[in-house]
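Grab the two chains, each in its own frame, and use the hints to assemble them into the complex.
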Amino acid sequence: MENSILDVIPQIPVSEWMANFISWLTNNFSWLFDAVRDAGDWTMDTITDLLILVPPVLFIVLLSALAFFASSKKLGLPTFTILGLIYIYNQGLWEPLMYTITLVVVASLLSIIIGVPVGILMAKSEWANVLITPILDLMQTMPAFVYLIPAVAFFGIGMVPGVFSAIIFALPPTVRFTNLGIRQVSDEMVEAARSFGSTGSQQLFKVELPLAKATIMAGINQTVLLALSMVVIASMIGAPGLGERVINALQRAQVGPGFVAGFALVVLAIILDRTMQGFNRD
Amino acid sequence: MATKVEIKNLSKIFGKKEKQALELVKSGSSKEEILEQTGATVGVNKASFKVEEGEIFVIMGLSGSGKSTLVRMLNRLIEPTEGNILIDGEDVSKMNNDELRKIRREKVSMVFQNFGLFPHRTILENTEYGLEVQGVDKETRQKKAEKALDNAGLLPYKDQRPNQLSGGMQQRVGLARALANDPEILLMDEAFSALDPLIRRDMQDELLEMQERLQKTIIFITHDLNESLRIGDRIAIMKGGEVVQVGTGEEILTNPANEYVERFVEDVDRSKVLTAENIMIRPQTLRSSKAGPRVAAQEMKTAGLSSMLIIDKQQQLKGYVTDRDVLDAVKSNIRSLESIIRTDIPKVSKDTLIYDLYDIIHDSDTPVAVVDENNKLEGIVIRSLVIGALAREKEGDSNNGE
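Top line first, the protein sequences correspond to chains W and G.
Okay, so the first sequence: first residue is 51 according to this note's numbering, each after it adds one.
Okay, so the second sequence: first residue is 144 according to this note's numbering, each after it adds one.
Chain G extracted, bound-state conformation (with noise of 0.2 angstroms):
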């Protein structure tokens, strides 16, 4: 996938002294210290990352973490005060007014906290703005408005204000209203921050499908964690204006980059965000093809295991046996296992949040096999490795298996 979003060694001071803290922060001066010296506060403190077309890349930080106005300076609503910003490769940072006008009017829409919505313009003049100022007939913009508010399943209220909308519904307005330009890429400021929690969730629900069928290239700010783990296929966290880490979801959560991250990591719900790739473990198995009853009842006992799973030659999951029909069969005298293997074992996917797999492992006396598309075997999970995962161990952490 191409870098679609690159930004190199961004910096925003906001105050007078604009020159000397930035040489300040050059040195490697912290935003306490330069706030000291010179008055000026650092925003962003040269920051860097690539976002991928097509991905959705989060921003996470708290309040104060210069992620709004990082944000606003992709598409200089703020104005930089060093560094570049490089859309599909040309710098937005030295565009004049009428190429940045270009790049906000076709490449890059943005959804607001606060919907953004203009009050005095209805549903549709307001989905219809972007185009309006690209100076679009009326026709042919309001013909796009009406097919990006059905879109949202909000064409019923285009001659509605916005004041007589939910929240939620406001906010639908807005993402709309960013997508009737049909952009390439979305910025999305705390986009949801202002929701309920559930009609939030769903929000969430419906950016995925909608990037499911749109492929945008999403940055997406927010001071949620698990906003950030559901909805990113990366995340940047930041502090103090400065990016601290960049990584996937599970990578943040398993790896976090300091201390910093750790702590902001620590009150996630585990449950939802890792999977049970996360904490699966490489089985113990015989192929049914070789082994017999002799063998699978030496391999038990050298193994300590009580039951064993049975595969394939395409390494898939046939079933398992127990300790006690393995020694029954010997005691008959059956030469193969096919007789014996019990199929009542539960599969899950490699992508089952630990969250789910809580009931499933409870209710069943085996381990739980994890299985790819064709049945293959990946790996198992015990009772003892989600109570370990949950209890945030180091041991669960690093078990993966793999």
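Here chain W stands alone, though its shape is the one from the complex (with noise of 0.2 angstroms):
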């Protein structure tokens, strides 16, 4: 390469400071991080045997049931529901797709207990706005394999760190979605809530979070969507489930069981995604 004017700048050393960060984390937080990793595993554990312990027909026809009345009582959705459990439990990949339920679950679960909170922070304060949405773009627009970096740094591998890195990428929408959702609530409802003396939780809880509920429920659907992608990446860091399967596959280079794993993903995607958008538009 040709000298440039801009050789007269060193190189910067980002990536030592990125690691001395992280490993200063690492050092003097692990206290922290393996309190954290026990409870977690042992709560997923938990949540997954349990769901083994269902009978398959049982789980079916609670999950067609759910899918039927999310759907207004129409039976295309149910139908896919019970075909495609049938498909998953016959590739022999019931036990996976357990572990990645309880994955998606709880990322998801804690996406929207953080997400909301700080969605409604950002809609109230203009301050918390301009700080958190560069954090927002960052997490999203970071490629997710370098989060599993610092993950297993902090948590070794297996669920704790595929849920921690699920967070990451799956948080944005929810926070997003919630700031978008009270900031479009109309200025004649906010109006008429404080003309009534209303204190700002009231106005928040029986005003703004009630006309902003459609909105927050698009954003978690798009949360919980992207926390199962992720929990497919997170098997490179030794996560249970169905993307420990397609991983398998892509290391021997297997294309018939890569495929069978990947449709059972397609298929608990397209569950997923119809029942929750079915909920919402109640």
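Everything hinted at is true.
Subject to a maximum C-alpha distance of 30 angstroms in a straight line, what follows is the list of computed DSS-like cross-link-like pairs (lysine-lysine):
1. G:K169 - G:K159
2. G:K281 - W:K263
3. G:K290 - W:K256
4. G:K301 - W:K123
5. W:K174 - G:K237
6. G:K162 - W:K174
7. G:K237 - G:K169
8. G:K193 - G:K162
9. G:K162 - G:K151
10. W:K256 - G:K301
11. G:K444 - G:K519
Hints were generated in silico from the structure; no laboratory data involved.
As structure tokens, then:
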């Protein structure tokens, strides 16, 4: 490469800084990370074990019933749910499915628990909005694989780092949509609430959140699907489930098993997405 | 009557250089000059007025005149930049959040242009809202809300959602919701402007009817002069953030404070605003107890009239006599007017609209007598006065008789 005037600036040690920062976190907060990992592993193992205990037929019936009510008692979605789940069982993927469901549900719930309050904060405070927006941009545009490295440093391999990276990847839509939903509530609604002497929390819980509900739910829907996609990627750092099967197939260049597990993930994604959208419409 | 709401030198500046703009406002610069020099917009410029208890006080102005900003400063949905707002003598502009919330909950309710109903709540839940945020228990607040809905004839709709109701019905709910807290002051921001003209008229009537019963202090914002004149006890006209005139509808119509107000009131259908009182004149009369036919003939000759009204001692109207009858009476030597008094003269009260006088005066050969409830004569209206008033001639305007 030709010399450039820019060579005047010596290489900035960003790489070292980040490495130092992460190892500083690892060294100083290992007690916290260990505690989180132990608690997380225990919780998720328990949930998965319970799910596996449920007889597959009962599980299929329950999920189909849910789909039936979500799709306003139409038959398309429940039929798809039954056939899709039978396919997964038939291919011997029932246990990995339960792991994946656990990971997705836990990652999504945590994202919602963190994301909705952060979104509210951003809607209420211009400062928070200015400060948090670039962080969200970073979380969404940073290649997902990059998170996996500190996740391993903090939590080792397994389910907990998987959920950790899934939360980072899946959190932004819930935050953004909550922020947007509350900001979209019309001035007249807010004025009406204020004019009757509502306190800040009355205004939030009685008027703004109910009116922003549809928008927030759209964000949560996105979050769940992103969590699902990240859970698959997190299999690279040892998260069990359907993704593990995909990664194994990839490493061995096995086309057949790769597609079998891939189809199972598509089935799960469609069931999750349509069911949630159905409930949001009501 | 006591002063319920008073604002003193209330100003609102929108924009960054608030202080600088405020100085300019104080030194009397115009809205345009301030915008040019500081980039700040003057929403309301040193507005002052008093609203009496129990009156409907209309604030009228075109869009951008600052009327909506002004009304929102009264309950501080918009924070005033400077000035005072006194409600029952208490300065709202200095209140802390708790005191302000108390005022909003107990004293001042608001009705909105686009109704401001919460779409996720039923009509009943909407009506309960004000009581709910006060922490009133469910049973009590439902009972009160149901009563408010019942008064507006809306009880059958209580379980519906706002979007299931027509605009007029929705605004009735808006009004019922505002009244459910039993506030002393109602702020109505263009409350009827989003409604069809006919529905709007009904709502105006209902508001007036309600006001008869409840005697609230109502501050009503509108851009419609006819609406102001119909419902307002007094009207404040705003332009460019300033209050340019405050007065009754008649004062504003007959004595516009400046050219702006004059242009504003030009288009109004005067026949539906001016009343007989505005155009009646002092009549030539005869006391039946004193005058006989000869006196009557003499008086009519000097005044150049073909007929004359007859009153008794108490100024009560007895009827009129015509020149022909009077001359016949003189010829046949009758001493009293009693026998020739005609009573087929149309009578109206002084509140009769000129619009309603058209037909009466058209069908009548005599002038129309204006009398009070005791039949006491107050004035007469003759055809040329009606035409004059409508033609908006200066003589017509000032011809007040008194």
